Amino acid sequence: MRLSTEGARRRALLALCAAAAVAGCGSEGTLEPGGPSIAGAWTARVPAGSPSDSLLLVLADSGTAVTGVGYLSSMRPSVLGGEGTLVEDHLMLALGNGTEPGAQARVELSLQRADDRFEGTATVLGTAYPIQLRRAALGSGPAAGNWVLATVREPSPAAAIPFDTLRLDAIGSAHRGFANASCGYSVPGAVGESGGWIRVEYFSASGYGPPCNPPMRDSLQLVGDTLVRRTALVGGATREELYRRR
Numbered sequence: 004m005r006l007s008t009e010g011a012r013r014r015a016l017l018a019l020c021a022a023a024a025v026a027g028c029g030s031e032g033t034l035e036p037g038g039p040s041i042a043g044a045w046t047a048r049v050p051a052g053s054p055s056d057s058l059l060l061v062l063a064d065s066g067t068a069v070t071g072v073g074y075l076s077s078m079r080p081s082v083l084g085g086e087g088t089l090v091e092d093h094l095m096l097a098l099g100n101g102t103e104p105g106a107q108a109r110v111e112l113s114l115q116r117a118d119d120r121f122e123g124t125a126t127v128l129g130t131a132y133p134i135q136l137r138r139a140a141l142g143s144g145p146a147a148g149n150w151v152l153a154t155v156r157e158p159s160p161a162a163a164i165p166f167d168t169l170r171l172d173a174i175g176s177a178h179r180g181f182a183n184a185s186c187g188y189s190v191p192g193a194v195g196e197s198g199g200w201i202r203v204e205y206f207s208a209s210g211y212g213p214p215c216n217p218p219m220r221d222s223l224q225l226v227g228d229t230l231v232r233r234t235a236l237v238g239g240a241t242r243e244e245l246y247r248r249r
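Note that the sequence shown covers residues 4 to 249 in this note's numbering.
Keep in mind the hints are simulated off the structure, nothing from the lab.
Note that the structure is predicted; figures quoted are calculated from it, not measured.
Here a beta-carbon is modelled for each residue, glycine too, at the ideal position from N, C-alpha and C.
Hints are supplied without guarantee of correctness; some may be wrong.
[What the hints assert, rightly or not] Distance ranges between label pairs, derived from CB positions:
1. R242 / Q135: 37 to 43 Å
2. R79 / A173: 24 to 30 Å
3. P54 / E243: 35 to 41 Å
4. R248 / S113: 36 to 42 Å
Please model the complete structure; the sequences and the hints are all you need to start from.
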């Protein structure tokens with residue numbers, strides 16, 4: 004049965020809400036007034052399992068509390084979320100996997116703001132690691148904004164173009180929503196830009212219907228007024244997917 008585009012979109016958005024509705028592990032408090040907002044995507048190296056392990060967070064600053072959702076690469080695909088405080092530039096945030104009954108905090112952050120970063124410790128399952136939390140910002144580059152898939156070019160006749168959107172925020176957060184005739188997903192993440200290339204790392208995916216192979220990473224090139232994703236196909240051919248601003 005074919006899904007309407009609007010119905011598929013609603014299902015994808017509901018799936019995202021379900022994924023992000025993780026249990027808060029901290030307590031609410033008043034944010035110190037006058038400081039810059041910390042909303043957006045942040046990354047840190049946290050060698051909990053190997054030296055290359057990383058933490059990816061998308062933080063929200065509500066004015067009364069700090070909330071975060073993301074993942075630690077050594078715990079993937081578990082989605083972590085929680086709530087904490089920012090008082091006098093000191094960030095306290097406890098993150099857990101709220102999809103598991105009785106889940107406890109897995110990652111606890113105690114960090115002090117230092118210019119454009121936070122420094123302190125990340126305690127993972129009882130072991131503390133020194134970290135630096137830095138923004139994964141897109142900046143004011145031309146790719147920031149909302150994009151929708153408009154054209155698919157490939158050697159074989161292309162099927163109907165699916166509902167496929169990208170949101171790239173200047174604060175470094177990102178979102179991709181996908182839905183075709185049988186399934187879909189909604190996945191948040193963080194985005195960076197370098198030399199005309201846009202690279203997105205996604206930290207979770209919630210979907211419905213048959214598997215749609217939600218992405219873990221994405222790489223697109225900014226070409227004029229389009230974003231282009233190129234995928235190598237079996238036999239050496241290439242599929243091009245072109246996004247235009249919504």
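The hints, checked one at a time:
no., hint, result
1, R242 / Q135: 37 to 43 Å, "holds, 38 Å"
2, R79 / A173: 24 to 30 Å, "holds, 26 Å"
3, P54 / E243: 35 to 41 Å, "holds, 36 Å"
4, R248 / S113: 36 to 42 Å, "holds, 41 Å"
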